[in-house]
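J.: Work out the full structure, taking the sequences as your base and the hints as a guide.
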Amino acid sequence: MTTTEARRVAPSRGTSDGAYRDAGTAICPLDRIARESGVAALVDGEAVAVFRTYDDQVFAISNFDPFGRASVLSRGIVGTRGEEEIPFVASPLLKQRFDLRTGACLDDPAVVVPTWDVQVVDGMVVVGARRETITSCEP
Amino acid sequence: MNQRKQLVVVGHGMVGHRFVQAAIERGLTETHDITILGEEPRPAYDRVALTSFFERGAEALSFLPGGAYDDPRVALRLGAEVVAISPRQRVITLASGEDLHYDELVLATGAFPFVPPVPGKDLKNVFVYRTIEDLEAIRAASRKAKVGAVIGGGLLGLEAANALHQLGLETHVVELAPRLMAVQIDDAAGSTLNRHIETLGLRVHTGAMTEAVLGKDKVTGLALKDRNPLDVDLVVFSAGIRPRDALARAADLDIAERGGILVDEHCRTSDEHIWAIGECAAPGGRMYGLVAPGYTMAEVVVDALLGGEAGSFTGADMSTKLKLLGVDVASFGDAFATDEDALEVVYADAVAGVYKKLVVKELASGGYELLGGILVGDASSYGVLRPLVGSGIELPDNPEGLILPAARGGVSTGSTTDMLPDDAQVCSCNNVTKAEIAAAVSDGGGCDSPACVTACTKAGSTCGSCKTVVKKIVEDHFASVGRVVDRSLCEHFAMTRQELFEVVAVHGYNRFDDIIEGHGRGRGCDICKPAVASVLASLLNHHVLDGANATLQDTNDAYLANLQKNGTYSVVPRIPGGEITPDKLIVIGEVARDYGLYTKITGGQRIDLFGARMEDLPAIWKRLVDAGMESGHAYGKSLRTVKSCVGSTWCRYGVQDSVGMAIELELRYRGLRSPHKLKGGVSGCARECAEARGKDFGVIATEKGWNLYVGGNGGAVPAHAQLLAGDLSREELICYLDRFLMYYIRTADRLQRTSTWLDEIGGLERVREVVVDDSLGLGSELESSMDRHVDSYFDEWKATIEDPEKLSRFVSFVNAPGTPDPHITFTEERGQIRADLVDGPVSLGASIPVGAP
Ligand SMILES: Cc1cc2nc3c(=O)[nH]c(=O)nc-3n(C[C@H](O)[C@H](O)[C@H](O)COP(=O)(O)OP(=O)(O)OC[C@H]3O[C@@H](n4cnc5c(N)ncnc54)[C@H](O)[C@@H]3O)c2cc1C
Ligand code: HEM
Ligand code: SF4
Ligand code: SF4
Ligand code: FES
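Here the protein sequences line up with chains G and D, keeping their order.
Mapping the first sequence onto the working numbering, position 31 (from 1) lands on 31, and the numbers just tick up by one.
In short: position in the second sequence from 1, add 1000, done, that's the working numbering.
Among the clues, some could well be false.
[Unchecked claim] Cβ pair distances, simulated, as ranges:
(1) 1517/D - 84/G: 16 to 22 Å
(2) 1625/D - 84/G: 43 to 49 Å
(3) 130/G - 1603/D: 41 to 47 Å
(4) 114/G - 1778/D: 39 to 45 Å
(5) 130/G - 1521/D: 33 to 39 Å
(6) 130/G - 1461/D: 55 to 61 Å
(7) 29/G - 1790/D: 39 to 45 Å
(8) 1650/D - 29/G: 54 to 60 Å
(9) 1798/D - 130/G: 39 to 45 Å
(10) 130/G - 1691/D: 51 to 57 Å
(11) 94/G - 1517/D: 56 to 62 Å
(12) 1703/D - 94/G: 46 to 52 Å
(13) 94/G - 1041/D: 40 to 46 Å
(14) 1517/D - 29/G: 24 to 30 Å
It should be emphasised that the hints constitute simulated quantities derived from the structure, not laboratory data.
Please read all numbers here as calculations on a predicted model, not as lab measurements.
No residue lacks a Cβ here, since even glycine has one placed at the ideal position from N, Cα and C.
T.: Following this line, the structure appears as structure tokens:
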């Protein structure tokens, strides 16, 4: 199954089809994540929320909601905002929305949660390195 | 140093209260300490709405339910009667003997009902109609009485008659004058009103003089001059009111010829430190028996005491509109055409029982100006017509168009708000002009709805007769600035929840994707997804976690439990009606102990178990299911609980089995998804221990059956439920409740509770038409959709633990199901756990081995 386009390939570790273990932590098959929802995964000891959007892109951000101070973001509702259709998750606690691409809070841009590289390799979702800086995301 | 002045107010009625409010708002308490003394046992209440005491209770009428003002410089003392004033020492004396010094004294003692000196007036079962205590006494006596008579056919008399009629008494109205409401309406209008009232089963005796109240100890009859006596066992006198000016008389203040404390245009009495306002005052020698002039006087005195530019009281509008026994009656301006050049335009339809009269005067230009009028049977145009009086506005060419029914060439009064000049007084109770209303909704004003305008300007908050015009002005204003009131659900759906409901029902959609592709844009959000989920759940009653629906569910529905602040859940086992066996109670205790859950009794007669980890939820539910219980919908926009009192099975007072009814209702409506949470309550008698009237639907037992109340809620803006229908059988109750709930579910907006929905959809009357009278013919459809809900109900929690796919959601980490979430920590308090929050993400360190799936 190769129809799924990998979202961001971890540049640091190099990727090759079938060798997903090299790219980072394999967390589950893509099918395990319902479209427009998320799961929580443990990546190098940290709680990461991994989402699958309507068009089968995958995103990984920290599971920790800095407003509510609890590890819950994977349980939020996934949707899009505005004409540009920014993919976001709304915290299940107090509903602040986070841009899945950048981790930036759409309601309070000063707040940004960490993001991870993530890709789908042979139908398996693989979370790579934690991104050091927040880069603005080209569509 | 500035010495603070002592301001004493005598009388905590409608006007005294308004005076204190205005004094606080306008800064008088910066310089004055205010002491307000009221003789009644309770704080000021809405006397204008007194009759609704029977339906709504004393609390709903109160202006100051907390019994104290927010401003610490105001002291309210109740049950404190003032018995003397000594103007020279500036001291008043209380009935208790206590003396109080004042610098300024305001008298707001109101009026008392006049009882003519006929023999027998002191017998038992003779009442007046002025205070809540009067009404309580009338209600108590009515239980043992059959026939009542009201002496006096004026405004108040007809209200009292209305009340007796509603209390189930055969009711007579005895009026000395040749017609009812002699002060407000003319002969023709009076006879139209007579006919209306008689068709309702009341007996009207006009031109009848009461000679004596008959009876030994208790009333047995009424003797009328030149007529046969009436057999009655309860009498209410409503023969006019008299100003309570006795204190002022004894203190040698000037009194008006026909009673009332004489005051000048600043409401100052003959003593420069004493003021009088409200019904006890007689500005220019005339007293006013309505609340609006009293409110104006209160403002005038606050003006004077503030020392700035003083306002003055120069007469008042005595217009009246009321609904008596379901009949509209209004009288305004120069209703009797006393102006020399006045002309009358009359429209009467004897069959429909409508009588309308406009009093107009020809202007030099050849057009007409409105001087006043009378409306009986249909007063819908009152709100627009009254402000035209004295505005100098020229009427349309054919003034009769204003009172003709639309079908016969009349103009819809709705379209005439633009005819009103800016300074037209729209709300006469609170003196609010059209311009002030428009200002409240314009850019600087900050209001966006009629309700907000009422809250800000007070327009519409007293008698309510101006509400439709206020609403119309607001809407017209928005239309004129090209602003449509945006009722879109969110950026993805340009429609209301009701429209969405219809779209989904009509197309038979069952997937979010189809709905948003066909009728929305983008991919949805945390607002529209749960709304769609709720609509789908109402229409299909499938499992909320079925297929793609799982991703639409709001926080709590998504995991079938209440999410708490630290990411854990609380489980609230369903306890229908609050009834539980000891064995089940023990199971709940064991579950709580075994999973280390914080345990608390809720406000809704449930037991809430907090601190459950998501991955433990299925096991907890299984324990409950195995013991014959289910978890409960203590979360989500759905039926929460039906609270009950213990009722007739144990309680000495109970007249019906309230617990049995509550259980039946909770089991019937459990799992029902709705626009907002829904709560119910059932009490076994009128003592109302279950507080059912604080619920969306409240059922209160009567000797004959059940009373159904709707539209109540607790929370931040509490509302009392209102009586929808009374003395219902079990079958009728369930039928009306089915229809009511389904009607609400279909037509309410997202997050709109029944109380606000009720107001918006047209009030209790409208809902009664649809639910009780079935005016839209929707009844059987609403009932059958409720039947479908009831038939297809299943235990969502049980279904979840039986379905491996649904179960797979309930893990801490998808790739490390055995590792608990390290962010969840607890401290201990009072012997139980308490949620602790962490400051940032917690790392378990890479040393924890993580197995690939
Ligand atoms: C059934 C009914 C329906 C009405 N409907 C309407 C209507 O539709 N529209 C309208 O405009 N008006 C209506 N009115 C009239 C309206 O209620 C009065 O105009 C208004 O209440 C007057 O306010 P007030 O403060 O002057 O008097 P009140 O509200 O009577 O207050 C006076 C208070 O002073 C207290 N008091 C008196 N003497 C003393 C003392 N010596 N020491 C301490 N306290 C004292 C009294 O106990 C009372 O609480 C209605 C009245 C009734 C009874
Ligand atoms: C995260 C938010 C909330 C949670 C988790 C929550 C939870 C609960 C629970 C579990 C109950 C008991 C229900 C039962 O016994 O079955 C309850 C009762 C109640 N809640 Fe909430 N609630 C929340 C928000 C609110 C809000 C915002 C309001 C007010 C607008 C509110 C008003 C009430 C009231 C009035 C009751 C008492 C019901 C009664 O006496 O019957 N709750 N709540
Ligand atoms: S409402 Fe009536 S029946 Fe119920 S507990 Fe109270 S007194 Fe008893
Ligand atoms: S009143 Fe406030 S704090 Fe208490 S349960 Fe309700 S929402 Fe929570
Ligand atoms: S006219 Fe009575 S509330 Fe406005």
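J.: All hints are to be evaluated individually against the structure, with a verdict given for each.
T.: Outcome of the hint check:
In this structure the supplied range 16 to 22 Å holds for residue 1517/D paired with residue 84/G, their Cβ-Cβ distance being about 19 Å. In this structure, residue 1625/D and residue 84/G meet the distance hint of 43 to 49 Å, their C-beta atoms being roughly 46 Å apart. In this structure the hint that residue 130/G and residue 1603/D lie 41 to 47 Å apart at CB holds, the actual value being about 44 Å. Under the hint 39 to 45 Å, the C-beta atoms of residue 114/G and residue 1778/D, about 54 Å apart, miss the expected range.
Taking the beta carbon of each, residue 130/G and residue 1521/D are about 34 Å apart, inside 33 to 39 Å as hinted. Range check, residue 130/G to residue 1461/D: about 58 Å between beta-carbon atoms, so the 55 to 61 Å window is met. In this structure, residue 29/G and residue 1790/D meet the distance hint of 39 to 45 Å, their C-beta atoms being roughly 40 Å apart. A C-beta distance of roughly 58 Å is found between residue 1650/D and residue 29/G, which places it inside the suggested range of 54 to 60 Å.
At roughly 41 Å, the beta carbons of residue 1798/D and residue 130/G sit within the given window of 39 to 45 Å. The hinted range of 51 to 57 Å is satisfied by residue 130/G and residue 1691/D, whose Cβ atoms lie roughly 53 Å apart. Checking the proposed 56 to 62 Å range against residue 94/G and residue 1517/D shows it is violated: the Cβ atoms sit about 30 Å from each other. Checked against the hint of 46 to 52 Å, the pair residue 1703/D and residue 94/G passes, with Cβ atoms roughly 49 Å apart.
Between residue 94/G and residue 1041/D the beta carbon distance is about 45 Å. The supplied range of 40 to 46 Å therefore holds. At roughly 27 Å, the beta carbons of residue 1517/D and residue 29/G sit within the given window of 24 to 30 Å.
Hints 4 and 11 from the list above are not met by this structure, while the remaining hints are.
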